[in-house]
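**Q** Letter by letter, the chains look like this.
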Amino acid sequence: MGEKVLMKGNEAIAEAAIAAGCRHFFGYPITPQTEVAAYMSKRMPKIDGVYLQAESEVASINMVLGAGAAGVRVMTSTSSPGVSLMAEGISYIAGSDVPCLIVNVQRGGPGLGGIQPSQADYHQATKSTAHGDFHMLVFAPSTVQETVDMISTAFDLGDMYRMPAMVLSDGMLGQMMEPVVLPEPKDPDNDSKEWAACGHRNERKHNVVNSLYINPQELEDLVIARYERYAEIKEKHQMAEEYLADDADIIIVAYGSSSRVARSAIDKARKEGIKVGLVRPITLWPFPEKAILKHAEHAKVMLSVEMSMGQMVDDIRLVVNGKVPVEFYGRTGGMIPTPKEVYDQIVRLNGGEQ
Amino acid sequence: MTVKGERPHALTDAPFHYCPGCTHGIVHRLVAEVIDELGVEGRAVGVASVGCSVFTYNYFNCDMVQAPHGRAPAVATGVKRARPENVVFTYQGDGDLAAIGMGETVHAAARGENIVAIFINNAIYGMTGGQMAPTTLPGQVTQTSPYGRDVKTAGNPIRVCELLSSLDGVALAQRVTVDCVKNVRDAKKAIKKAFEYQMAGKGYCIVEVVSTCPTNWGMSATDALQWMRDNMLPYYPLGVYKDIGEGEQ
Amino acid sequence: MSDLNVLFTGFGGQGILFTGKVMAYAALMEGKELSWLPSYGPEMRGGTASCSVCISDNTIGSPLVVNPDVLVAMNLPSLEKFQNDVVPGGIIIVDSSIVKQKVGRDDVKVVYIEASRIAEENGLKGAANMVILGRLFKETGFCSAENLDKGLQKSVPAKKANLLDSNRKAIALGIDS
Chain A
55 MGEKVLMKGN
65 EAIAEAAIAA
75 GCRHFFGYPI
85 TPQTEVAAYM
95 SKRMPKIDGV
105 YLQAESEVAS
115 INMVLGAGAA
125 GVRVMTSTSS
135 PGVSLMAEGI
145 SYIAGSDVPC
155 LIVNVQRGGP
165 GLGGIQPSQA
175 DYHQATKSTA
185 HGDFHMLVFA
195 PSTVQETVDM
205 ISTAFDLGDM
215 YRMPAMVLSD
225 GMLGQMMEPV
235 VLPEPKDPDN
245 DSKEWAACGH
255 RNERKHNVVN
265 SLYINPQELE
275 DLVIARYERY
285 AEIKEKHQMA
295 EEYLADDADI
305 IIVAYGSSSR
315 VARSAIDKAR
325 KEGIKVGLVR
335 PITLWPFPEK
345 AILKHAEHAK
355 VMLSVEMSMG
365 QMVDDIRLVV
375 NGKVPVEFYG
385 RTGGMIPTPK
395 EVYDQIVRLN
405 GGEQ
Chain B
2 MTVKGERPHA
12 LTDAPFHYCP
22 GCTHGIVHRL
32 VAEVIDELGV
42 EGRAVGVASV
52 GCSVFTYNYF
62 NCDMVQAPHG
72 RAPAVATGVK
82 RARPENVVFT
92 YQGDGDLAAI
102 GMGETVHAAA
112 RGENIVAIFI
122 NNAIYGMTGG
132 QMAPTTLPGQ
142 VTQTSPYGRD
152 VKTAGNPIRV
162 CELLSSLDGV
172 ALAQRVTVDC
182 VKNVRDAKKA
192 IKKAFEYQMA
202 GKGYCIVEVV
212 STCPTNWGMS
222 ATDALQWMRD
232 NMLPYYPLGV
242 YKDIGEGEQ
Chain C
6 MSDLNVLFTG
16 FGGQGILFTG
26 KVMAYAALME
36 GKELSWLPSY
46 GPEMRGGTAS
56 CSVCISDNTI
66 GSPLVVNPDV
76 LVAMNLPSLE
86 KFQNDVVPGG
96 IIIVDSSIVK
106 QKVGRDDVKV
116 VYIEASRIAE
126 ENGLKGAANM
136 VILGRLFKET
146 GFCSAENLDK
156 GLQKSVPAKK
166 ANLLDSNRKA
176 IALGIDS
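Residue numbers (our numbering), protein chains in the order written: chain A, 55 to 408; chain B, 2 to 250; chain C, 6 to 182.
Misleading hints may appear alongside valid ones.
Unchecked claim - Keeping only pairs whose Cα atoms sit at most 27 Å apart, straight-line, the calculated DSSO-like set for lysine-lysine is:
no.: 1; chain 1: B; residue 1: LYS193; chain 2: B; residue 2: LYS153
no.: 2; chain 1: A; residue 1: LYS100; chain 2: C; residue 2: LYS114
no.: 3; chain 1: A; residue 1: LYS344; chain 2: A; residue 2: LYS181
no.: 4; chain 1: A; residue 1: LYS325; chain 2: A; residue 2: LYS394
no.: 5; chain 1: A; residue 1: LYS96; chain 2: C; residue 2: LYS159
no.: 6; chain 1: C; residue 1: LYS164; chain 2: A; residue 2: LYS96
no.: 7; chain 1: A; residue 1: LYS322; chain 2: A; residue 2: LYS288
no.: 8; chain 1: B; residue 1: LYS5; chain 2: B; residue 2: LYS153
no.: 9; chain 1: A; residue 1: LYS348; chain 2: A; residue 2: LYS288
no.: 10; chain 1: A; residue 1: LYS58; chain 2: C; residue 2: LYS165
no.: 11; chain 1: C; residue 1: LYS155; chain 2: A; residue 2: LYS58
no.: 12; chain 1: B; residue 1: LYS193; chain 2: B; residue 2: LYS183
no.: 13; chain 1: A; residue 1: LYS181; chain 2: A; residue 2: LYS322
no.: 14; chain 1: C; residue 1: LYS107; chain 2: A; residue 2: LYS58
no.: 15; chain 1: A; residue 1: LYS329; chain 2: A; residue 2: LYS348
no.: 16; chain 1: A; residue 1: LYS329; chain 2: A; residue 2: LYS290
no.: 17; chain 1: A; residue 1: LYS394; chain 2: C; residue 2: LYS164
no.: 18; chain 1: A; residue 1: LYS96; chain 2: C; residue 2: LYS165
no.: 19; chain 1: B; residue 1: LYS243; chain 2: B; residue 2: LYS183
no.: 20; chain 1: C; residue 1: LYS159; chain 2: A; residue 2: LYS322
no.: 21; chain 1: A; residue 1: LYS58; chain 2: A; residue 2: LYS100
no.: 22; chain 1: C; residue 1: LYS114; chain 2: A; residue 2: LYS394
no.: 23; chain 1: B; residue 1: LYS5; chain 2: B; residue 2: LYS190
no.: 24; chain 1: A; residue 1: LYS325; chain 2: A; residue 2: LYS354
no.: 25; chain 1: A; residue 1: LYS259; chain 2: A; residue 2: LYS288
no.: 26; chain 1: C; residue 1: LYS107; chain 2: C; residue 2: LYS155
no.: 27; chain 1: A; residue 1: LYS325; chain 2: A; residue 2: LYS348
no.: 28; chain 1: A; residue 1: LYS329; chain 2: A; residue 2: LYS394
no.: 29; chain 1: A; residue 1: LYS344; chain 2: A; residue 2: LYS354
no.: 30; chain 1: B; residue 1: LYS193; chain 2: A; residue 2: LYS259
no.: 31; chain 1: C; residue 1: LYS143; chain 2: C; residue 2: LYS86
no.: 32; chain 1: C; residue 1: LYS130; chain 2: A; residue 2: LYS322
no.: 33; chain 1: A; residue 1: LYS58; chain 2: C; residue 2: LYS159
no.: 34; chain 1: A; residue 1: LYS329; chain 2: A; residue 2: LYS100
no.: 35; chain 1: A; residue 1: LYS329; chain 2: A; residue 2: LYS344
no.: 36; chain 1: C; residue 1: LYS130; chain 2: C; residue 2: LYS107
no.: 37; chain 1: C; residue 1: LYS159; chain 2: A; residue 2: LYS100
no.: 38; chain 1: A; residue 1: LYS100; chain 2: C; residue 2: LYS164
no.: 39; chain 1: C; residue 1: LYS114; chain 2: C; residue 2: LYS86
By construction, these hints were calculated from the structure, which means they are not laboratory data.
All chains should be modelled from the sequences, with the hints used to inform the complete structure.
**A** Here you go:
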């Protein structure tokens, strides 16, 4: 294990990707993500890597498609409006079964919105990224260290299942510094993907990386096969942290930055004897249904805390299917809920004064 | 028995889906012959675009990637940056390259991206059934310019080679056509030069092939060729718009 | 000391973020859990800047300091904006060579220090932030003197190692103030 160093979340993303063997980065500047690109532009030339500033997010995601199709470990990073521009390319990437990593350091929306932290891209990341039936793996770290750890997991699972993976960060996690231990660097593995379009060297049939299937039966078969892989992922790769949840009457569900706020509120409420705990989704897709269902057995109420107008709350309600009431508290537009605000919600749900 | 002509190895045996009289088939063959002659099929990667040429991935025997509409230059950039030893080409129509993908095209060219763009300009959207393209001529009737392209409202056609030739990253910009034996030979020479320039690391090369679309123009194959000579070539003169020759970018 | 939440505030260009970084690194050397969160925005210079630093023996929850144990105010707008957020019994450290106004609370400890004047008179123009950090260290003892110095060393980039001594001197002046 290496030395503990202080790193900004955004810079840690870049260094963790390099440690995971990523040598190809295509991006475009946008606040509050730009440090990832700036860091990559400094490091990549020194390690025989590729850093390229594209003319737009539209171009950068398609460069990712090209490099991923050619079989190398590749990533891009952006912030919310940039993901909207990348939507088309992400759909093609998913439809072509090309693995890659996309980092979204979320900011407030819609439109140009703002540049302060937000979690209003939950729906976009987990269900409505772009046209067609598909999913991305979506990871939602809540500390800089966890961001570092998730980067290599995201790359590895993306490769294993041949699909795009997203790390859903936000302006707070991207801009803050925390102590991190960086993982041991891995060498890039760019030659193990047998399906890649990188020249057949007259040794095999030509590979085609493609998302077009004119015959509807063929397309349906392919999408169904993809959904069988998704089912396996749902079974094997749900991740969640449970904090003081086992005896809790009130379960807060929160991820990323808002889970940290919730944790502060829970600590304060516990001191006053309120039985409240946290289920913190680490994967947003697959959604950690098992952890939520487990606590739906004993909780009297669940509360989704988000930096949005309420998006993940829909998934919680689907999972618990009426077993317990699911309430929502959130701030949006770049506003960060305070521990006091969440604490007040806990007190209210506990039957006390707000 | 003497074999006078064979299918180039770089073409698969899949039958083309192109309409009778369409020049895509000739251009495919020229690209494949060049790949054969340069012996690069094993390291060639083609990027198919959206439009009639979307199925090129079925026809070329080298590895292929199919790109979103207009994004072939960005996808090809990704392939080439990931695998500099590969010989990478795009095959794009006028709607793909000069309308929806003009941004990607101009920036790939400006970067001097080491790729070849084979650009089919037939002044119309073929696959969607004959709508106005960025290269549709003034006054030309299409499904979406039913009274003839009025440049006052629909804007002017874009001369792509002339436009790209002003960029420093471009090594070769040449406009050719394939309406007769001599022009077919010249077209092949241009395509071969473009591939050779890429292999020498010279930068972005574009070969624009002024082409026909008999079906959507509503003409016979021979009438379409004559219409092209009479109407398109005056607006899109054949020639070399940029060639850095022995130079380097 | 278990938890300490500090809010550094002032103008951009006063070294607000750097001050927080030195404190954060010192806490890391001390073996504490910590977080450092800057305000960020379109202003590069001259706008308002703030920086939240949390130090704890336990996992840090929200890294955004809403109710600081210690508020450092290096300009008037920041003092006016944040003084009422400080927890009762907390500390407000004011650079009184810039902020002439007095704090209107009697349930907190207020430290007026003419940090900018002290720095300037000692040939350390621009190091008022380090004078204040020295004073913050004296008031809270958030780490050992040794680790504070290590934190400073970690925070000063190798290219600017020549600035180490002036920063050390400024911190010492703050401790002695």
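**Q** All hints, please: hold or fail.
**A** Now for the hints, and whether the structure bears them out:
| no. | hint | verdict |
| --- | --- | --- |
| 1 | B:LYS193 / B:LYS153 | violated (39 Å) |
| 2 | A:LYS100 / C:LYS114 | violated (51 Å) |
| 3 | A:LYS344 / A:LYS181 | holds (19 Å) |
| 4 | A:LYS325 / A:LYS394 | holds (14 Å) |
| 5 | A:LYS96 / C:LYS159 | holds (20 Å) |
| 6 | C:LYS164 / A:LYS96 | holds (16 Å) |
| 7 | A:LYS322 / A:LYS288 | violated (34 Å) |
| 8 | B:LYS5 / B:LYS153 | violated (52 Å) |
| 9 | A:LYS348 / A:LYS288 | holds (16 Å) |
| 10 | A:LYS58 / C:LYS165 | holds (22 Å) |
| 11 | C:LYS155 / A:LYS58 | holds (14 Å) |
| 12 | B:LYS193 / B:LYS183 | holds (15 Å) |
| 13 | A:LYS181 / A:LYS322 | violated (34 Å) |
| 14 | C:LYS107 / A:LYS58 | violated (41 Å) |
| 15 | A:LYS329 / A:LYS348 | holds (16 Å) |
| 16 | A:LYS329 / A:LYS290 | violated (30 Å) |
| 17 | A:LYS394 / C:LYS164 | violated (43 Å) |
| 18 | A:LYS96 / C:LYS165 | holds (19 Å) |
| 19 | B:LYS243 / B:LYS183 | holds (21 Å) |
| 20 | C:LYS159 / A:LYS322 | violated (34 Å) |
| 21 | A:LYS58 / A:LYS100 | holds (23 Å) |
| 22 | C:LYS114 / A:LYS394 | holds (24 Å) |
| 23 | B:LYS5 / B:LYS190 | holds (21 Å) |
| 24 | A:LYS325 / A:LYS354 | holds (20 Å) |
| 25 | A:LYS259 / A:LYS288 | violated (34 Å) |
| 26 | C:LYS107 / C:LYS155 | violated (34 Å) |
| 27 | A:LYS325 / A:LYS348 | holds (25 Å) |
| 28 | A:LYS329 / A:LYS394 | holds (17 Å) |
| 29 | A:LYS344 / A:LYS354 | holds (17 Å) |
| 30 | B:LYS193 / A:LYS259 | holds (24 Å) |
| 31 | C:LYS143 / C:LYS86 | holds (25 Å) |
| 32 | C:LYS130 / A:LYS322 | violated (43 Å) |
| 33 | A:LYS58 / C:LYS159 | holds (12 Å) |
| 34 | A:LYS329 / A:LYS100 | violated (52 Å) |
| 35 | A:LYS329 / A:LYS344 | holds (21 Å) |
| 36 | C:LYS130 / C:LYS107 | holds (24 Å) |
| 37 | C:LYS159 / A:LYS100 | holds (23 Å) |
| 38 | A:LYS100 / C:LYS164 | holds (19 Å) |
| 39 | C:LYS114 / C:LYS86 | holds (17 Å) |
This entry does not satisfy hints 1, 2, 7, 8, 13, 14, 16, 17, 20, 25, 26, 32, 34, going by the numbered hints stated previously.
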